[in-house]
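Engineer: As a plain string of letters, each chain reads:
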Amino acid sequence: MATDMTIEQEAAERFYRVKDRNDDYKIDDLMAWLDTPEKIDAYAEVAKSWGKLNSVNPEEVATPPLASTSDPLQPALNVEPSLMSIPTPIIGQFRNRLLGGFVTLVILAITITSYIGLPTRHHANIGEIYRFALDDNSQIMLESNSQVTVYDGWGNRTVELISGSAYFDIVTNKDKPFRVLVNGITTTVLGTQFNVTRLGSDINIAVKEGRVQVENGNNDLVILQDNEVVAIGQRQMLSKQSNMDVDRLMEWRNGSIHFDNAPFEAVVARLQNYYAYPIQFVNPSTREKLVSGTFNHNDVPGFLAAVSELTGVQFEQASSGSIIIH
Amino acid sequence: MGSLIQKQAFYHLINASPMTTATTSLDRTELIRIFREILPNIRASVRKYISNQDDIDDLLHDALLKILELNQQQIRNIENPEGFLYTVVKNLSIDNNKKAANNISSNNIALESLTSATTEPDKLLHSRQDMQILKQALSELPQKCRQAFVLHRFKNMPQKAVAEEMGLSLNSIERYIMKAHLHCLVKLRGQVH
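Residue numbers (the working numbering), protein chains in the order written: chain A, -8 to 317; chain R, 646 to 838.
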């Protein structure tokens, strides 16, 4: 959830989401969030004040009709008459042309910007899952320590995944395809649920439902459908796998990540997104050990302790917070 | 009829709590933690009464709201938290079925505050004071913000429908509703009962 929200705003947002069913946010998600007395108090207060509104007669709350809906381009168009009304006795037609050209450029710039959309940066801090929606209510969830830039204009929906993992639940719009850009890979969809993970140059795209097209910089192209995954390495080769348990790849949304015989180095790279201090290997051979297990609730030292018990690999946590794996 | 069902719900809630003279160290956070832990089992038990998944979620949320309305003393009186939680949900399920059978609009009671069911004079007074504060708070809101909130809260329009009606984005409507609601909350908080 966004860090700039107060706990009360978060509580209110979750209250509406459970009540209004605008997305797939469920009572289970809410219960998982209600894990501190402060959150519980905030939620109780939000719910109580909502209930108290039953005592108000809505007819007594005046709501005069709204003025007509404003066109987003209207301010730009309004500029033109006022600029044109500047007196022009001396420079005459030249000034008029200059101003006309300037206004045209401004209108063009505004139109292009409106079409593409202004870039908006979103990020999830370490230890948090951040969720937001586009104007059409397409839902995006960012895993801990993940970052995206969003361009959401009237003719374009593009998200650039800078780092980490993101889950997308996209509203269908044939006139406005949705694209995810990640390290030279373009994923294009119409309406679907899918997950994109970036760890350095390793990219993993998993489709839960729908159909997406993945294209690399060499114009190689694969189409992914339900329960299909494409793994992309440094050379940007597209390696498609079918009948995958994609839900497991998206478990981070519920606060857990499952590793199944994954190289320890890759596991640590993923854990690093949940831990603010460096995690380092001393012994290079340890990096290649295969690790299985489920990482839960941001508890990196706890997970490493369990791995240590199973594999015998020793680790230590320095007073600075950094972790050294032997 | 609505008020009768409110009272029944209140009765069920109180009677779901095995009152004893001894109190426990149970607090609200712990009760919520237990609720979270047994939620899958509780959900399974509700399926005996309700089949629709959304209705089940609504009912579990109503149960959560009722639990959040318990005061500390009522929570300390709960000897068997799991049993208590199952009973709250079960009674709500039964009420829900009765309500469906009697074809009563759920909007009247789904989120009704238990306190509003009381007829105690001081609470009625507080309720009237709250109403005045809320009316005042709503009148202080900017026009679009108030309109979005009134359509959603009082006309029961989903946020999406409000967005379409007002020709605004869903994000804007969400922000307006949150702003209006939190404004009311702050005004209510300023009131000392």
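Treat the hints with care, as some may be off.
List of simulated lysine-lysine pairs, DSS-like, C-alpha gap at most 27 Å [what the hints assert, rightly or not]: (1) R/K743 <-> A/K17; (2) A/K17 <-> A/K39; (3) A/K199 <-> A/K167; (4) R/K780 <-> R/K800; (5) A/K10 <-> R/K789; (6) R/K789 <-> R/K824; (7) R/K780 <-> A/K10; (8) A/K39 <-> R/K789; (9) R/K832 <-> R/K800; (10) A/K39 <-> R/K832; (11) A/K30 <-> A/K10; (12) A/K39 <-> R/K800; (13) R/K805 <-> R/K824; (14) R/K824 <-> A/K10; (15) R/K800 <-> R/K824; (16) R/K824 <-> A/K280; (17) R/K824 <-> A/K30; (18) R/K800 <-> A/K10; (19) A/K10 <-> R/K832; (20) A/K39 <-> R/K743; (21) A/K199 <-> R/K805; (22) A/K30 <-> R/K832; (23) A/K39 <-> A/K10; (24) R/K789 <-> R/K800; (25) R/K693 <-> A/K10; (26) A/K39 <-> R/K805; (27) R/K805 <-> A/K167; (28) A/K17 <-> R/K800; (29) R/K780 <-> A/K39; (30) A/K17 <-> R/K780; (31) A/K280 <-> R/K805; (32) R/K735 <-> A/K10.
Just so you know, the hints here were simulated from the structure itself, not pulled from any lab data.
Engineer: Hints first: check each against the structure and report whether it holds.
Structural biologist: Results of checking the hints against the structure:
no., hint, result
1, R/K743 <-> A/K17, "25 Å, holds"
2, A/K17 <-> A/K39, "20 Å, holds"
3, A/K199 <-> A/K167, "21 Å, holds"
4, R/K780 <-> R/K800, "16 Å, holds"
5, A/K10 <-> R/K789, "22 Å, holds"
6, R/K789 <-> R/K824, "11 Å, holds"
7, R/K780 <-> A/K10, "23 Å, holds"
8, A/K39 <-> R/K789, "24 Å, holds"
9, R/K832 <-> R/K800, "22 Å, holds"
10, A/K39 <-> R/K832, "13 Å, holds"
11, A/K30 <-> A/K10, "18 Å, holds"
12, A/K39 <-> R/K800, "19 Å, holds"
13, R/K805 <-> R/K824, "17 Å, holds"
14, R/K824 <-> A/K10, "17 Å, holds"
15, R/K800 <-> R/K824, "18 Å, holds"
16, R/K824 <-> A/K280, "52 Å, violated"
17, R/K824 <-> A/K30, "18 Å, holds"
18, R/K800 <-> A/K10, "15 Å, holds"
19, A/K10 <-> R/K832, "23 Å, holds"
20, A/K39 <-> R/K743, "25 Å, holds"
21, A/K199 <-> R/K805, "25 Å, holds"
22, A/K30 <-> R/K832, "20 Å, holds"
23, A/K39 <-> A/K10, "14 Å, holds"
24, R/K789 <-> R/K800, "15 Å, holds"
25, R/K693 <-> A/K10, "23 Å, holds"
26, A/K39 <-> R/K805, "24 Å, holds"
27, R/K805 <-> A/K167, "20 Å, holds"
28, A/K17 <-> R/K800, "23 Å, holds"
29, R/K780 <-> A/K39, "16 Å, holds"
30, A/K17 <-> R/K780, "31 Å, violated"
31, A/K280 <-> R/K805, "50 Å, violated"
32, R/K735 <-> A/K10, "20 Å, holds"
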